[in-house]
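**Q** Chains as they are written, first to last, in the working numbering: chain V, -9 to 130; chain Z, 114 to 242.
These are computed hints drawn from the structure, not numbers from a lab.
Any given hint could be a false lead.
EDC-like, lysine to aspartate or glutamate: derived pairs with alpha carbons at most 16 Å apart [to be verified]: (1) V:K93 with V:E3; (2) V:K122 with Z:D183; (3) V:K17 with V:D32; (4) V:K17 with V:D33; (5) V:K93 with V:E(-1); (6) V:K121 with Z:D183.
Since the structure is predicted, the reported quantities are computational estimates derived from the model, not experimental observations.
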Amino acid sequence: MSRSFDAVEIGQELPVASRTVTAVDVKAYADAGGDQNPLHQDDAFARSVGFPGVIAHGMFTMGHMASAVVAWAGDAAAVTRISAQFRAPVFMGEVIEAGGRVKALDPGTRSVTLETWVRLRRDGAVEWPIKKGEAVVRLS
Amino acid sequence: MNPAAEGTVYPDVTFVVDPVRVAAFRQVFGAAAGVPPTFVTAAEFAAFPQVLGDVNLALDFSRVVHGSQDYDFARPIREGETLTVRARIDSIRTKSTNGFLAIVMELLDADGELVCTARSQMIERGAAG
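Can you make the complete structure from the sequences, with help from the hints?
**A** Below, the structure written as structure tokens:
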């Protein structure tokens, strides 16, 4: 059962969900998701194509964003749309944070549009692996 | 990449929403129940070998990074169901030395009804130097 639409207000924030990105988790993701591109598992390969080391799959980062949305909505089946642009790489050992806020309400379908994001801190600056993600959830 | 490959439609591929695999995917993201929305990526990767192996397209996967992803659900995906994945190349563009490949995949259920439309943009990065 999902969250009730009636209690949702524009501007409401999702709880920020943080996790450390590890090679073990990225390998588990590659096996479950099916993307075995060596860019995400082989440091020497990643360096050969211009990265300082392996990077997480964009879909790993988006999966983390989606899990924050699902946790807030209360039901994976509530998600009717989710999208992301991948703007910055995520390296092993980094801590990614996913969050979002309510942007629009549609009482007709009891749907909520969320603007969502994933950020991290690197060398004292904030990077946005996903800056303008979006999700639509249909609530009860 | 060959820009003339734009519009290519690939043969349908069957994808079973295996509950064991869904559980493994859930575990990666600490999800309690249900099919995570981004699990659709597993269905996309069932059809993706056709794109990778398309000699007419000539995509170099070793230089590919994921630019964007969008999932639009007509209904939630159900564990255990069998889906048909229909992939096509929506557009191919070149900017500087990078190639931009937009792929659309439609997931259809056993009745032929649309379950999800997945749109992805892949970036084939130009060779270093």
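**Q** Each hint: holds or not?
**A** Hints, verified against the model:
In summary, the hint linking K93 of chain V to E3 of chain V is supported, as the alpha carbons are separated by about 10 Å, within the 16 Å threshold. Distance restraint check for K122 of chain V and D183 of chain Z: the Cα-Cα separation of roughly 12 Å lies within the 16 Å cut-off, and the hinted pair is therefore satisfied. With a CA separation close to 11 Å, the supplied pair K17 of chain V and D32 of chain V stays within the 16 Å bound. Between K17 of chain V and D33 of chain V the CA atoms are separated by roughly 13 Å; this keeps the pair inside 16 Å, and the hint holds.
As the CA atoms of K93 of chain V and E(-1) of chain V are separated by approximately 9 Å, the hinted pair is consistent with the 16 Å bound. Straight-line distance between C-alpha atoms of K121 of chain V and D183 of chain Z comes to about 14 Å, which keeps the hinted pair within the 16 Å bound.
In summary, the structure agrees with every hint in the numbered list given earlier.
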